[in-house]
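S.K.: Listed here are the chains, written in short residue letters.
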Amino acid sequence: MSSQETMSIFSPQLAARFDALVLKYPLKRSALVPMLLYAQDEIGYISDAVIDEVAHRVGITPLDVRGVATYYSMLRFKPAGRYNIQVCTNISCMLRGGYDIFDHFQHKLGIGHKGVTADAVFSLEEVECIGACCWAPAIQVNYDFHDELTNEKVDQILDDYRTRAAKGAN
Amino acid sequence: MPRLVSHPDEVKIVTRRFGQGAANIDRYVELGGYESARKCLANGPDYIINEMKASGLRGRGGAGFPTGMKWSFVPKVSAKPKYVLVNGDESEPGTCKDHLIFLHDPHSVIEGTIIAGLAIGAKTGFIYLRGEYRYLIEIMEKAVADAYLKGFLGNAIFGSDQEFQVIVQSGAGAYEVGEESALMESLEGKRGVPRIKPPFPAVVGLYGGPTVINNAETIATVPHIFAMGGAAYAAVGSERNGGTRLFGISGHVERPGVYELPMGYNLKKMIYEVAGGVRGGRELKAVVPGGSSTPVLLPNEIDIGMDFDQVGKAGSMLGSGGVVVIDDQTCIVEFAMRTISFYQHESCGWCIPCREGTDWLKKSLTRFHAGFGTMKDIDNIQYLAENMMGRTFCPLGDAAAMPTLGFVKKFRKEFEAHLDGKPCPFAKHVDLAVV
Ligand SMILES: Cc1cc2nc3c(=O)[nH]c(=O)nc-3n(C[C@H](O)[C@H](O)[C@H](O)COP(=O)(O)O)c2cc1C
Ligand code: SF4
Ligand code: FES
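The listed protein sequences derive, respectively, from chains R and X. No gaps in the numbering here: position 63 of the first sequence is 63 in this note's numbering, and each next residue is one more. No gaps in the numbering here: position 207 of the second sequence is 207 in this note's numbering, and each next residue is one more.
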């Protein structure tokens with residue numbers, strides 16, 4: 001494993017997390033799905049290098065990893081913006097203006113579904129139900145929920161994240 | 001932060017500790033937490049299963065299977081380790097109740113998992129949350145770590161000679177992973193494609209061992225059953241439907257939210273009194289009573305008790321308890337289109353009737369809504385949906401077909417109003433993006 005450590009593309013913290021994770025289960029492979037998500041959180045997307053390293057750590061082939069990774073909708077294979085905006089347009093949100101919210105984001109950011117702004121600060125995605133139906137319309141920015149949205153709230157949210165980006169924060 | 005609501009008709013059992021800081025383990029204990037687990041540890045599996053059967057608790061994940069009975073199917077002796085699996089994939093549109101449980105009362109999920117483990121003789125429990133619930137996963141992980149520190153989890157729980165470990169697992173985005181056998185596949189590091197049944201999970205489940213899988217709300221209810229007694233819990237609900245349920249009321253109501261009401265509570269009252277009626281004083285057009293998979297009910301069909309049997313008798317299902325209220329300004333064709341678009345996106349693709357059927361239905365409904373449908377399309381949509389029913393490996397195929405059939409049968413006139421290039425009679429036209 002030591003040669004693996006030296007060539008790891010993951011931070012020491014993430015590498016340590018994976019080392020602990022694979023030992024938790026009756027079967028190493030059980031770590032695969034969460035591992036891919038945590039790797040994406042750090043690297044930004046599931047790159048070929050991520051696939052190779054995860055495959056090595058779990059002890060399966062890169063092709064096997066790719067086969068699993070492509071199943072899950074949160075995993076992406078190219079970079080998103082620093083803040084990935086996921087707008088739910090499923091039924092409960094749709095009834096309370098989810099599509100208007102999605103339109104407003106498209107208009108304000110000048111990008112569409114799966115688009116990334118030129119400065120790479122934002123990306124936009126229309127997503128299925130995110131489990132916030134009673135507080136619709138709802139979105140997630142990375143993992144943060146924002147609910148009971150209006151266009152005014154959307155403007156405020158974009159301003160807040162722009163300020164955070166300018167400060168170099170996550 | 002999701003807004004908490006309340007109404008005088010609520011019977012707060014599962015939501016009893018919401019908003020009281022019970023994510024903190026000391027606070028949880030102060031509020032009576034982990035007493036039920038101790039009681040179950042002292043009294044053993046037979047006591048647990050009998051009490052669960054007496055409670056009349058039926059699974060809150062959608063199908064309403066009696067929980068005590070499910071636990072009793074697990075073989076007493078097994079060569080392979082047994083497991084408890086908590087389903088927190090919560091992805092059925094209209095459903096957000098488990099969200100609140102993880103947020104406000106994570107220890108109730110852990111305590112319920114321990115009790116399920118004691119009942120079936122499992123030493124390990126997994127709590128699987130959808131990946132989108134990262135902040136809730138972190139709350140659950142903290143709660144589990146605290147329970148280990150207190151000795152409520154580990155090699156000698158509550159100072160006994162019994163072992164119980166809990167692992168919190170993150171998904172990565174997939175509705176189909178909520179199906180029990182697909183969830184096991186995901187937990188084994190694979191694509192979320194379901195397994196052929198039988199064998200059922202109670203016999204061959206996770207890692208091939210006997211497994212009990214329950215919804216997070218089902219599990220969070222368990223400690224309360226032992227606190228109040230199975231019979232007392234059953235008495236709160238209606239016939240053959242014990243206790244309360246977390247109903248998530250969303251859509252066009254004045255006060256959307258998650259309300260804990262007795263099983264059998266009247267649906268009409270739920271909409272007009274508990275949730276404050278249709279938003280802006282508009283007319284009610286339709287109600288989807290139990291999450292997007294359940295067939296739509298008309299305004300004259302909602303004077304019914306909300307339990308598994310009564311909603312079933314009314315031609316729909318109680319499902320996940322997500323009540324979606326639709327007002328008279330809504331285009332049902334558009335609503336049907338958005339619903340089927342979801343299932344098309346989420347189909348795992350294993351069976352042809354589901355994979356092709358959802359795709360075809362989505363295309364037909366999209367074309368239809370855009371005004372390019374023909375009379376024959378209406379019959380075709382119905383024919384397609386009917387032919388998906390019961391012909392797939394897992395219930396997702398039915399879950400897509402059933403609501404579609406409901407919309408076409410009950411709103412045929414509205415479908416006909418979209419014929420021959422006529423624009424949608426409702427002002428707003430939505431273009432379905434490729435999700
Ligand atoms: C497509 C599909 C998705 C499902 N999603 C969920 C889910 O997100 N959460 C859940 O608890 N049950 C879900 N179920 C039901 C589970 O398969 C299973 O019946 C349930 O977790 C059993 O728990 P219960 O007996 O406590 O209801 C789903 C079923 C299907 C067919
Ligand atoms: S019914 Fe659909 S989701 Fe279920 S196994 Fe078949 S293709 Fe997959
Ligand atoms: S429908 Fe949007 S969060 Fe559930």
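Please note that the accuracy of each hint is not assured.
What the hints assert, rightly or not - Distance condition first, Cα-Cα at most 25 Å in a straight line; then the derived DSS-like pairs of lysine-lysine:
no.	chain 1	residue 1	chain 2	residue 2
1	X	K269	R	K24
2	R	K28	X	K363
3	X	K268	R	K28
4	R	K24	X	K123
What the hints assert, rightly or not - Some chain X residues judged to face chain R by a derived CB distance under 10 Å, without partners named:
no.	residue
5	P2
6	S6
7	H7
8	G209
9	L284
10	V288
11	V325
12	T330
13	H345
It is worth saying that the hints were derived from the structure and are not from the lab. Virtual Cβ for every residue (Gly too), placed ideally from N, Cα, C.
S.K.: Which earlier hints can't be squared with this structure?
M.R.: 1, 2, 3, 6, 7 and 9
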